[in-house]
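**Q** Since the structure of chain A is provided, determine the placement of chain B on it from the hints.
2 protein chains.
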Amino acid sequence: MNEYIYKCFNCDKEFSSTEIERNFIYLCPDCGKAEKNKPLNGVLQVIYDYDSIKNEISREEFLNFNPGQIKSYPQLLPLKNPLDEEKLARIKFPQSPLTTVIIENNSVQVFDDTKNPTLSYKDRASLLTVLKADELRCSDIAAASTGNAASSLAGICAALGLTSRVFVPKNIPKSKLLQIQTYGSEVYLVDGDYDEAFDLCLEIASSKKWYNRNTAYNPITIEGKKSAAFDLFIAGKGDLPEYIFVPVGDGVIISGMYKGFWELKQLGWIDEFPKLIAMQATGSDALVRFIETDEFTYKAASTIADSISAGAPRNLYMAASAVKNTNGRGIRISDENILKAQSNIARNTGILVEPSCAVSYAGFRTMMEEGSIDSSDKCLLMLTGNGLKDPDALRNSNKKLNPKTPTDWKNELLNE
Amino acid sequence: MNEYIYKCFNCDKEFSSTEIERNFIYLCPDCGKAEKNKPLNGVLQVIYDYDSIKNEISREEFLNFNPGQIKSYPQLLPLKNPLDEEKLARIKFPQSPLTTVIIENNSVQVFDDTKNPTLSYKDRASLLTVLKADELRCSDIAAASTGNAASSLAGICAALGLTSRVFVPKNIPKSKLLQIQTYGSEVYLVDGDYDEAFDLCLEIASSKKWYNRNTAYNPITIEGKKSAAFDLFIAGKGDLPEYIFVPVGDGVIISGMYKGFWELKQLGWIDEFPKLIAMQATGSDALVRFIETDEFTYKAASTIADSISAGAPRNLYMAASAVKNTNGRGIRISDENILKAQSNIARNTGILVEPSCAVSYAGFRTMMEEGSIDSSDKCLLMLTGNGLKDPDALRNSNKKLNPKTPTDWKNELLNE
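For the protein sequence lines, the chains are A and B, in the order given.
Start counting the first sequence at 1; every next residue gets the next number (our numbering).
Start counting the second sequence at 417; every next residue gets the next number (our numbering).
Please keep in mind that the hints were generated in silico from the structure rather than gathered at the bench.
Watch out, some of these pointers could steer you wrong.
[Stated by the list, open to error] Calculated pairs, BS3-like style, for lysine-lysine (alpha carbon to alpha carbon, straight line, at most 30 angstroms):
hint	chain 1	residue 1	chain 2	residue 2
1	A	K87	B	K625
2	B	K429	B	K625
3	B	K429	A	K410
4	B	K653	A	K71
5	A	K71	B	K487
6	A	K410	B	K449
7	A	K170	B	K826
8	B	K826	A	K174
9	B	K820	A	K208
10	B	K820	A	K36
11	A	K237	B	K503
12	A	K237	B	K653
Chain A on its own, in the form it takes in the complex (with noise of 0.2 angstroms):
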């Protein structure tokens, strides 16, 4: 049985993990609050006996695993049952997510996760979240979501053969609201926003005893997204990047991120951390405010990028602390840049990504224009959602591209 406890990250305090699991815990039980447009405060951390874990394990052991395959290392998982591996090898992640492109010049690495079962980075948390239900024995987990946590919880549970219950506003966008009912989810529309649909999804999940997936909220969205972490060291023989784009809504992605690679610090596998750059849209840039004023205050958000839209980023503190830590900053871009940003990743690689993740391409461009970066540094920029998903964005971002009429290329090419 794999030991761990639960840890507040505000106020310290340690928990059993059976204490906490059994009753359906997900804030610290001292501190933690969930209030309306505000970050959450007592989210709680998985911690595991790296001690034991080092001596069970080495780092050249681990070094030859594959990539995307969560099952190497169970001693890092908050899971009690042993995996069952044929569930789990219904659910795919890329062998091999690194690759080197070229950008407008620029050579670069991508981290591409849009390629995930769902397309998005979303199904590392999804995955072990459905994981962690099935070992509770909930059938049902509900998640509020405007888009991409819940397709990725819906197909998911589909693979696994659980129910999805998804809280999501009224004026979500069409496309989206279609990927999860497809994949068989029980759709409850809110009157209000995210933040209302969240509330909700709290309230009735808890009445209902269904398994709870909000994002932050359930600390096991953070373990799971800790797994890119490993896959990038693994990928990577163990030879990290320098500086790392990454998109940030809720700051959970950084936050997994960054616990990835402090948990290889604490087995003495790394010796020193990526510096990890926070990406925003200038319309949901409250990360970036809070990392420069080192106050939060509440903005409602309003980006193109919808999947990194978030007024009151639920994971804060923690994502505030990745960047701190790890010597990294934060860079708004604004929606025109992303669309370009966008399309340049594109044209550029052959990779169709979505507006959220484009801003870390924006960003590592911002970087090497300022002369804060050059060429010799090692940068990657992380790629966290299909561009298919989001046929808006697309729509807006080609809006000048007006193909050749026939009249047009005939006379184009016959005239050359």
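**A** Quick look at chain B alone, frame taken from chain A:
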């Protein structure tokens, strides 16, 4: 240097690869004909020196390769220059395409090509065609297409730095056009249907000296598509399914798969062919009709499964012989049952597929219901395109799925 010849599928004449390739010949120089609303005559096939390949590589060595890695078997590729590994590393196919799933209580294997570089099977053909164009020092590649082949060519060209030029009917679905444009393809709208686009592409590409990727017309497309047969052989550790359900439009996928199995037989590595079951939509059943009557008659195609909509399947004759030589058969599926199958696959496996490949599951169900197969038969469904490529079809398949409104679900949950 790799040795191979071209052989006409219709008149059996053989041609040296240098003659064919240097002169940019695609169809048989003797009997080749591309006529409007007719299958192509004189499609060429690539034939290798199997006896010498047998001496170079053993069945056991071949089975030790990883799926998705064409660089493993350069002897079986129609390329003369050594492969550029750095370029090839940018184009990633799933390394574990084979999964056992349970759909409506039936256990069945699926071959999942929905996570390919541009999320469709077409990438197998595009990759090899683009590598060949590169070898022939053509920087521009043209294709006529109604969607997936064009977006695949556009994506692979973007990744490898070539220019794609795509001829599409001017009523192409907006979402497919967007995918193609985002990759930076030069798009030429055609006043007319796919047939018109096909003919114009032949004419213009030939006069502009652009390499031509038209499906079946360019024999390299068939060679590219055979890699799925090899991946299947490798992933199954040499153990092949008894029945493979293959969606059929122009008939190039089923021809390519048959070519792969035929080569495995030439090499003495398999004894029997899996039975290839050609799956078509009722409104686009030219191959099924041809199998029944041994005669081709043109009928305009009409089906929601646009990726397999073809009134005159370009590779009809080769596809029909693939079915015949494997003791397979053809089956028609109504649009209504295609959408039902799409929904059942998503809800039971978490894999979101296009309507075109949902026919594979519908065919499996048909044969189970007929009693012509039972649960002891080893069956495989080819899943050839991601559902997100065609949001309009998702809309149709979800017409009746009204999500619960706030009033609905509050009443329901509170009264339970």
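**Q** All hints, please: hold or fail.
**A** Here is what the structure says about each hint:
{"no.": "1", "hint": "A:K87 - B:K625", "in the structure": "51 angstroms, violated"}
{"no.": "2", "hint": "B:K429 - B:K625", "in the structure": "26 angstroms, holds"}
{"no.": "3", "hint": "B:K429 - A:K410", "in the structure": "37 angstroms, violated"}
{"no.": "4", "hint": "B:K653 - A:K71", "in the structure": "22 angstroms, holds"}
{"no.": "5", "hint": "A:K71 - B:K487", "in the structure": "28 angstroms, holds"}
{"no.": "6", "hint": "A:K410 - B:K449", "in the structure": "25 angstroms, holds"}
{"no.": "7", "hint": "A:K170 - B:K826", "in the structure": "14 angstroms, holds"}
{"no.": "8", "hint": "B:K826 - A:K174", "in the structure": "22 angstroms, holds"}
{"no.": "9", "hint": "B:K820 - A:K208", "in the structure": "17 angstroms, holds"}
{"no.": "10", "hint": "B:K820 - A:K36", "in the structure": "24 angstroms, holds"}
{"no.": "11", "hint": "A:K237 - B:K503", "in the structure": "20 angstroms, holds"}
{"no.": "12", "hint": "A:K237 - B:K653", "in the structure": "28 angstroms, holds"}
Of the numbered hints given earlier, the model fails hints 1, 3; all others are met.
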